[in-house]
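Novice: Chains as they are written, first to last, in our numbering: chain A, 6 to 151; chain B, 6 to 151.
Check the hints yourself; a few may be wrong.
As the list makes no split between identical chains, a pair holds if one copy fits it or if it spans any two.
[To be verified] Under the rule of at most 27 angstroms between Cα atoms (straight-line distance), these lysine-lysine pairs were calculated in the DSS-like manner:
no. : residue 1 : residue 2
1   : Lys93     : Lys81
2   : Lys151    : Lys81
3   : Lys113    : Lys93
4   : Lys86     : Lys151
Hints in this document: simulated from the structure, not taken from any laboratory.
These numbers were taken from a predicted model, which means no experiment stands behind them.
There are 2 protein chains.
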Amino acid sequence: MRGIDAATLVVMAVLALPLAGRAADDQDIIDYRQHVMKTLNEQAAELGLILSTAVPGDNVTSHIDSLALAASISLKAFEPKVQGGEAKPEVWSNWPDFQKRMKDFAAKTAEMSKIAHEQGPDQALGMVIGALPCKSCHDLYRSEKK
Amino acid sequence: MRGIDAATLVVMAVLALPLAGRAADDQDIIDYRQHVMKTLNEQAAELGLILSTAVPGDNVTSHIDSLALAASISLKAFEPKVQGGEAKPEVWSNWPDFQKRMKDFAAKTAEMSKIAHEQGPDQALGMVIGALPCKSCHDLYRSEKK
Chain A
6 MRGIDAATLV VMAVLALPLA GRAADDQDII DYRQHVMKTL NEQAAELGLI LSTAVPGDNV
66 TSHIDSLALA ASISLKAFEP KVQGGEAKPE VWSNWPDFQK RMKDFAAKTA EMSKIAHEQG
126 PDQALGMVIG ALPCKSCHDL YRSEKK
Chain B
6 MRGIDAATLV VMAVLALPLA GRAADDQDII DYRQHVMKTL NEQAAELGLI LSTAVPGDNV
66 TSHIDSLALA ASISLKAFEP KVQGGEAKPE VWSNWPDFQK RMKDFAAKTA EMSKIAHEQG
126 PDQALGMVIG ALPCKSCHDL YRSEKK
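Please put together the full structure from these sequences, using the hints given.
Specialist: Given below as structure tokens:
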């Protein structure tokens, strides 16, 4: 994706529609899951800026909703057993554990979103550490490319 | 953000809470709006992959909801008049036009989300080109750093 504007990609994609039907190749699958994980990273960073009071917290609920949405599809993005990107082979060799962690992540962010809407953003922000166990999972399953 | 895991940032942010109260400095404001725009970029890319049939379209509605959420706060992220990042000075010198475009973008992605929920993802996908005028706005207001 680097160097290609997302809008350009969308236009290219739509122009390609008459050719539709090609199977997902491995790089497409890797790209797809990386866009999901990058969305999580961007939105977690927004909450970090808000929690540190670096920026005002006007949009806390939107950021939490965005995290919960991306979390809800993150496991599915890894279902195709395609090695590559920053995923370690353990994602698939330890699938039951990986799956459990991702489902737990989705459930906790969904709960945080529910609390944000029902009780307010401050209550939800108190759940951030428990709901975003990014590092514990990345330590096991991600080989970060610096 | 590069090189800092988002989870680490969240932990750092929470540890910094007792020091809370510092004013948003310019880099924080630039970081915040860049995370919003990057979220839009990642999610638009997901729709691009789906539209090209590169990956299955199981999560279309989630991606559209994610876009609509980020679009809904994107104007607010530019309200502080802080030059820098990839924003051209014209964002603020042409604020009425910039504001109109961003509000239009938010309204169109909200409508696309509504259609996705009420009529289904296929109907919503037909609205993508009209709802994501990324390039026309970036040509005027973004100076992309390659």
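Novice: Now, for every hint given, state plainly whether the structure supports it.
Specialist: Results of checking the hints against the structure:
no. : hint             : result
1   : Lys93 <-> Lys81  : within (16 angstroms within a copy, 38 angstroms between copies)
2   : Lys151 <-> Lys81 : within (25 angstroms within a copy, 31 angstroms between copies)
3   : Lys113 <-> Lys93 : within (24 angstroms within a copy, 39 angstroms between copies)
4   : Lys86 <-> Lys151 : within (24 angstroms within a copy, 32 angstroms between copies)
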